[in-house]
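Trainee: So the sequence shown is residues 7 to 284, counted in my numbering.
Don't read these hints as lab results, they were simulated from the structure.
The structure displayed is predicted, hence computed values, not measured ones.
We treat Cβ as the ideally placed atom computed from N, Cα and C, and that holds for glycine.
A few of these clues could be false.
Mimicking EDC-like on lysine to aspartate or glutamate, the simulated pairs with C-alpha atoms at most 20 Å apart in a straight line are [claimed, not checked]:
| hint | residue 1 | residue 2 |
| --- | --- | --- |
| 1 | 201 | 149 |
| 2 | 201 | 163 |
| 3 | 201 | 183 |
| 4 | 182 | 163 |
| 5 | 201 | 157 |
| 6 | 201 | 142 |
| 7 | 182 | 122 |
| 8 | 201 | 232 |
| 9 | 201 | 241 |
| 10 | 201 | 190 |
| 11 | 182 | 149 |
Here are the simulated distance ranges between beta carbons [said to hold, decoys possible]:
| hint | residue 1 | residue 2 | range |
| --- | --- | --- | --- |
| 12 | 79 | 25 | 37 to 45 Å |
| 13 | 153 | 247 | 42 to 50 Å |
| 14 | 72 | 133 | 31 to 39 Å |
| 15 | 92 | 36 | 22 to 30 Å |
| 16 | 266 | 151 | 28 to 36 Å |
| 17 | 35 | 70 | 13 to 21 Å |
| 18 | 79 | 33 | 14 to 22 Å |
| 19 | 65 | 262 | 14 to 22 Å |
| 20 | 114 | 265 | 27 to 35 Å |
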Amino acid sequence: MLAIAGGAGVAVYCGGFGGAADVHLRGHSAPVKDIAFNPDGQLLASGSADTHIKLWTIAEQSPTESATLAGHPDVVAALAWHPDGGSFASGGGDGTIRLWDAASGELTSLLAGHSDEVTTLAFAAGGRWLFSGSRDGSIRRWDARANYASDIVGGHEGWLREIAPSPAGRLASASKDGRIRLWEIDARFPKGVGKQPLRSWQAHGAGVDALAFSLDGALLVSGGRDNCLRFWEAETGRELAARAEHQRPVLALAMHPAGGLLASGSGDNRVILWGATL
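With these hints in hand, go ahead and build the complete structure from the sequences.
Mentor: Shown next as structure tokens:
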């Protein structure tokens, strides 16, 4: 199943890809900024510039709206599901993060720490950590075992556009500065400001908007403002290949849960499916 956000709606392909979507989800009154499936693929969350989050039940090729959640005073720019599927996080234009119970729709926590829009979110280490990236250039780590206390664990000179956890215990971050940085994220990660990344490299001539790891964490794919996808050896940052099939910036990447297939979405209004091995 593949979901594609565009304008104020979401197109859902339930089986084969290409041609017309099987279902169009409509309900937001402003552009959809982020979408995220829960781990079992039965719920889809969408966040919008209309300040609302909608939950959609995905079943038997007939997705239906199951809830509308209000709470953000500004755009909902980022979403991430907890690995257990029982809750999810949303990031807003006001720099706050909200945690929600998926079954009840109840707001369970309000997290403040960033000074500008939260642009990207990701859970890691089985849900122990929630990582957030912001227009303020920082990466924050929130500890689920300590009432989501947070510390700054890294950042970029430009604003953060994407973070992606690796199965190998790393976190990749991408920024408007065109760089990718790789960070250690396990429980031994030292607390404090100004920690150095394991690796940092100039990845695209312009900003980097999207990241995706292969299931084993060995391959990292990036999408950039130079209209290219680039494939990297994650451990070394060595470029393995580049693809330039899009005519506009590559804004989104998604790896199939079973691996082997990668989707890229672009400002050229196209989604391209790629084999995720080289």
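Trainee: Determine for every hint whether it applies to the structure shown.
Mentor: Going through the hints against the structure:
For the hint linking residue 201 to residue 149, the alpha-carbon distance of about 17 Å falls within 20 Å, and the restraint holds. Between the alpha carbons of residue 201 and residue 163 the distance comes to roughly 14 Å, so the proposed pair stays at or under 20 Å and holds. For the suggested pair residue 201 and residue 183, the alpha carbons sit about 18 Å apart, so the restraint of at most 20 Å is met. For the given pair, residue 182 sits about 8 Å from residue 163 by alpha-carbon distance, which is consistent with the 20 Å threshold.
Of the pairs offered as hints, the one joining residue 201 and residue 157 holds, with about 11 Å between alpha carbons and a cut-off of 20 Å not exceeded. Taken as a hint, the residue 201 and residue 142 pair is honoured in the structure, with Cα atoms around 16 Å apart against an allowance of 20 Å. Proposed proximity of residue 182 and residue 122 is supported: the alpha carbons are some 15 Å apart, at most 20 Å. With a C-alpha separation of about 29 Å, the suggested pair residue 201 and residue 232 falls outside the 20 Å cut-off, and the hint is violated.
The hinted pair formed by residue 201 and residue 241 meets the criterion: a straight-line CA distance of about 19 Å does not exceed 20 Å. With a C-alpha separation of about 10 Å, the suggested pair residue 201 and residue 190 falls inside the 20 Å cut-off, and the hint holds. Between residue 182 and residue 149 the alpha-carbon distance is near 27 Å, which puts this suggested pair outside the 20 Å criterion. A hinted range of 37 to 45 Å holds for the C-beta pair residue 79 and residue 25, which are about 39 Å apart.
Remark: the range hint 42 to 50 Å for residue 153 to residue 247 is upheld by a beta-carbon distance near 44 Å. For the pair residue 72 and residue 133, the beta carbons lie near 23 Å from each other, so the given range of 31 to 39 Å is not met. In this structure the supplied range 22 to 30 Å holds for residue 92 paired with residue 36, their Cβ-Cβ distance being about 28 Å. For residue 266 paired with residue 151, a C-beta distance near 34 Å keeps the hint of 28 to 36 Å intact.
For residue 35 and residue 70, the hinted distance range of 13 to 21 Å is satisfied, since their beta carbons lie about 18 Å from each other. In this structure the supplied range 14 to 22 Å holds for residue 79 paired with residue 33, their Cβ-Cβ distance being about 20 Å. Checked against the given bound of 14 to 22 Å, the beta carbons of residue 65 and residue 262, roughly 20 Å apart, stay inside it. Taking 27 to 35 Å as the suggested C-beta distance range, the pair residue 114 and residue 265 conforms, at roughly 32 Å.
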